Amino acid sequence: MTATDATTRPTPETVRMTLREAHKQSLRAALDHDERVFLMGEDIGAYGGCFAVTMGLLDEYGPERIRDTPLSEIAIVGTAIGAAMNGMRPIAEIMTCNFSLLAMDQIINNAATLLHMSGGQFNVPVVIRTTAGAGRQLAAQHSHSFEPYFAHVPGIRVVSLATHADARGVLAPALEDPDPVILFEYPRLMTMEAEVPVDPDIVDLSSAAIRRPGSDVTVVTYGATQHTVLDAAEALAADGIDAEVIDLRSLRPLDDATVFASVARTHRAVVVEEAWRTVGLGAEVAARIAEEAFYDLDAPVARIGCAEVPLPYAKHLEDAAIPQVESIVAEVRRVMHRG
Amino acid sequence: MPSLGSGMDVGRILEWYVQPGDEVERGQIVALVETDKANIDVEIFTDGVIAELLVEAGVKVPVGTPLARLADLGTEVATPAAKEGQPAVEPAAEVPAPTSLVTSPIVRRLAERTGVDLHAVHGTGRGGVITRHDVEEAAAAQRPTPPAPAAPAGDGHRASPYARRLAAERGLDLSEVAGSGPGGAVLAEDVEAAATTGVRPSPAAGPPPARTAPGEVAAPPAAAATTAPADTGPATDRGQAMRQAIARAMERSNREIPHYHLGETIDIESTLGWLAEVNADRPPAERLLSAVLFIKATALALRRSSDLNGYWVDGAFHPGDGIHVGVAINLRRGGLLAPAIRNADERSLDELMAALKDLVERTRAGGLRGSELTDPTITVSNLGDSGVDTIQGVITPPQVAFVGVGRITPRPWAVDGMLAVRRTVYLGLSADHRASDGHRGARVLTAIADHLRRPETL
Numbered sequence: 001m002t003a004t005d006a007t008t009r010p011t012p013e014t015v016r017m018t019l020r021e022a023h024k025q026s027l028r029a030a031l032d033h034d035e036r037v038f039l040m041g042e043d044i045g046a047y048g049g050c051f052a053v054t055m056g057l058l059d060e061y062g063p064e065r066i067r068d069t070p071l072s073e074i075a076i077v078g079t080a081i082g083a084a085m086n087g088m089r090p091i092a093e094i095m096t097c098n099f100s101l102l103a104m105d106q107i108i109n110n111a112a113t114l115l116h117m118s119g120g121q122f123n124v125p126v127v128i129r130t131t132a133g134a135g136r137q138l139a140a141q142h143s144h145s146f147e148p149y150f151a152h153v154p155g156i157r158v159v160s161l162a163t164h165a166d167a168r169g170v171l172a173p174a175l176e177d178p179d180p181v182i183l184f185e186y187p188r189l190m191t192m193e194a195e196v197p198v199d200p201d202i203v204d205l206s207s208a209a210i211r212r213p214g215s216d217v218t219v220v221t222y223g224a225t226q227h228t229v230l231d232a233a234e235a236l237a238a239d240g241i242d243a244e245v246i247d248l249r250s251l252r253p254l255d256d257a258t259v260f261a262s263v264a265r266t267h268r269a270v271v272v273e274e275a276w277r278t279v280g281l282g283a284e285v286a287a288r289i290a291e292e293a294f295y296d297l298d299a300p301v302a303r304i305g306c307a308e309v310p311l312p313y314a315k316h317l318e319d320a321a322i323p324q325v326e327s328i329v330a331e332v333r334r335v336m337h338r339g
Numbered sequence: 001m002p003s004l005g006s007g008m009d010v011g012r013i014l015e016w017y018v019q020p021g022d023e024v025e026r027g028q029i030v031a032l033v034e035t036d037k038a039n040i041d042v043e044i045f046t047d048g049v050i051a052e053l054l055v056e057a058g059v060k061v062p063v064g065t066p067l068a069r070l071a072d073l074g075t076e077v078a079t080p081a082a083k084e085g086q087p088a089v090e091p092a093a094e095v096p097a098p099t100s101l102v103t104s105p106i107v108r109r110l111a112e113r114t115g116v117d118l119h120a121v122h123g124t125g126r127g128g129v130i131t132r133h134d135v136e137e138a139a140a141a142q143r144p145t146p147p148a149p150a151a152p153a154g155d156g157h158r159a160s161p162y163a164r165r166l167a168a169e170r171g172l173d174l175s176e177v178a179g180s181g182p183g184g185a186v187l188a189e190d191v192e193a194a195a196t197t198g199v200r201p202s203p204a205a206g207p208p209p210a211r212t213a214p215g216e217v218a219a220p221p222a223a224a225a226t227t228a229p230a231d232t233g234p235a236t237d238r239g240q241a242m243r244q245a246i247a248r249a250m251e252r253s254n255r256e257i258p259h260y261h262l263g264e265t266i267d268i269e270s271t272l273g274w275l276a277e278v279n280a281d282r283p284p285a286e287r288l289l290s291a292v293l294f295i296k297a298t299a300l301a302l303r304r305s306s307d308l309n310g311y312w313v314d315g316a317f318h319p320g321d322g323i324h325v326g327v328a329i330n331l332r333r334g335g336l337l338a339p340a341i342r343n344a345d346e347r348s349l350d351e352l353m354a355a356l357k358d359l360v361e362r363t364r365a366g367g368l369r370g371s372e373l374t375d376p377t378i379t380v381s382n383l384g385d386s387g388v389d390t391i392q393g394v395i396t397p398p399q400v401a402f403v404g405v406g407r408i409t410p411r412p413w414a415v416d417g418m419l420a421v422r423r424t425v426y427l428g429l430s431a432d433h434r435a436s437d438g439h440r441g442a443r444v445l446t447a448i449a450d451h452l453r454r455p456e457t458l
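If you're matching them up, the sequences are chains A and B in order.
The first sequence: position 124 = 124 (my numbering), numbered continuously.
The second sequence: position 94 = 94 (my numbering), numbered continuously.
Excised from the complex, chain A in its bound form (with noise of 0.2 Å):
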């Protein structure tokens, strides 16, 4: 079930790329690999996408495959989805998940809903891609991190995309998938680069991946924070904690399977997320670990998350509301009673 990402994997033709132009290069791919896949959303043509993902394809595949849209994600993800049940294969993009509220009727009362109300009959095979997260002084109404929302909808599948090969590998599988995707991207990921193979691989959607393996605490992560909690582990290891991070990549279905196999090993576990602590992700994540690992538990499952506030503006309180390595490294410290 485990798929750690085989970046060491023996290739000997690699290539240097931010994560923006993975991205990209994993639209072109699918545009390329299936006539019927088209992008729609604000900005995506001629701007080139407010994040420069999309960059350079409206000259590339014309302007009946890389659609500009009015500002409406209803309007944006309701075609979507009607194209998807005549058999297109839209890609929508909601540029910020601040934004996909407007869209939460669409998605959870017609996408998720709609293969069950029609009985069977019409499947939504309708891709949406957002951004989430803090980290560039945007403030409160554009900084936020909306997975767990998604994560709590039955009939949509929901992917946080925050490496290299996870942005190269995800999109065509999710294309594939009869159901909705959701994939979330990290705008202040965009320009981190990357040794990668030329040739992507395939990613198994529904798995969590252990990016860095230790033997004694569990840290259970996703998003753009990974790299903030990886930075925590190396700052850990040199203190002689030995922390394997989790990326829990699927954020539905949960690959708990994963998380317990390694709480098993090392019987300790933080979970740290972006997204406000209360009633989120490291809240499902800490309360299966306790329904099914509780006999392997040497230590209260603790949990990090944003402040429950809005995100500020400024720069030190942004840094204060959200994960650091310093609070990650504190957390660790007291979980493993070496405060």
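By construction, these hints were calculated from the structure, which means they are not laboratory data.
Given the structure is predicted, the values throughout are model-derived calculations rather than measurements.
Beta carbons: idealized from backbone N, C-alpha and C, even for Gly.
Treat the hints loosely; a few may be bogus.
Listed next, with one range per pair, are the computed distances between beta-carbon atoms [as the list claims (entries may be wrong)]:
id: 1; chain 1: B; residue 1: V10; chain 2: A; residue 2: H337; range: 28 to 38 Å
id: 2; chain 1: A; residue 1: A320; chain 2: B; residue 2: A178; range: 31 to 41 Å
id: 3; chain 1: B; residue 1: E136; chain 2: A; residue 2: H337; range: 33 to 43 Å
id: 4; chain 1: B; residue 1: V10; chain 2: A; residue 2: P154; range: 27 to 37 Å
Starting from the structure of chain A, add chain B where the hints point.
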């Protein structure tokens, strides 16, 4: 797991009296079950052969859980020893064997507090059960021993779930392990350290005590480990648990049952005179108490009014299969039980007296049968000893009636147009208006009074 009362949701098997391969007959007592209210013997309702015990001693399971598998008589049943292809001999002394302790939560908590290892205590209670007294004696005997160098694990053994599991797997007694975690909690590494430095293992890993049956010896350690936290978890005080059970039953009663209450004060001067005569020639042990008169009078009165004798279940009245009078017996530690005297109308006063004594004794000492708690078709409660004049009772669901008896006391009373002082008693009837009406209730109450006035009919 049978339901041994309307408020019972779970029960714990304290002891199995049978093993796979044993032949059993209907009515035989096969297990001792701990409920919130009491330890109760459970009978079997069919003849057969025990094929398999599905729930181990010490384990708490919800009502309705199958406890054992029963095969037809004459079926070849593999005994635990035969199943594993081993001769049925006692295991060698060095073989670690999980043992099952038969104790109450109160005793276990006392043992924890006083640092007494229950495995080392000889039980003097009924069936070898370890009593409070046994633990206190063991604690006194231990006192000269200097305290262990390791501080005991915080308040009532704080320990992580994993540490508990490890300790159970290694046969370590958590109370012997020093905790290094928050608030003195025992962590896994403390257990590991204790295991390597050689802390005295708990006698669970030593030779099995004589009471250990072969089936228990064969119990897989994994199963023992998973049950351990249940046993060592926050021990519910039996008194509190009983309070909860009574609370549930009474809440249900007041929520569901539309009660009506009738009452009558009657002159029982002559009846008590009759009773004194009966008792005059008897040694104290054989004397009748007035309590049995009320039980018998109630039972006889119900013969003609079956709609107050039975159960209200699923929106309909179901008459009892006999007149089984539940007798409310208060417990010294608080709370009460109302076990049944079956077919009370068919028994003589002497038989009733013997049955009542037996019930009181077993209610207070433990050892009631499950059926005795579920059988009653009506309840009689006598609060006269407590000095109250009247009682308006709450019906125990699913029964439909309740008879309360007040204090027997001299009162000014009109007799044949003259004022006299007579001993009187108040009889209160509470009945379920769904099952009967006031008119019928009044007839029952009058019939009880009539029988009491004419003791020769009892």
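Do the hints match the structure? See the list:
| no. | hint | in the structure |
| --- | --- | --- |
| 1 | V10/B <-> H337/A: 28 to 38 Å | holds (35 Å) |
| 2 | A320/A <-> A178/B: 31 to 41 Å | holds (39 Å) |
| 3 | E136/B <-> H337/A: 33 to 43 Å | holds (37 Å) |
| 4 | V10/B <-> P154/A: 27 to 37 Å | holds (33 Å) |
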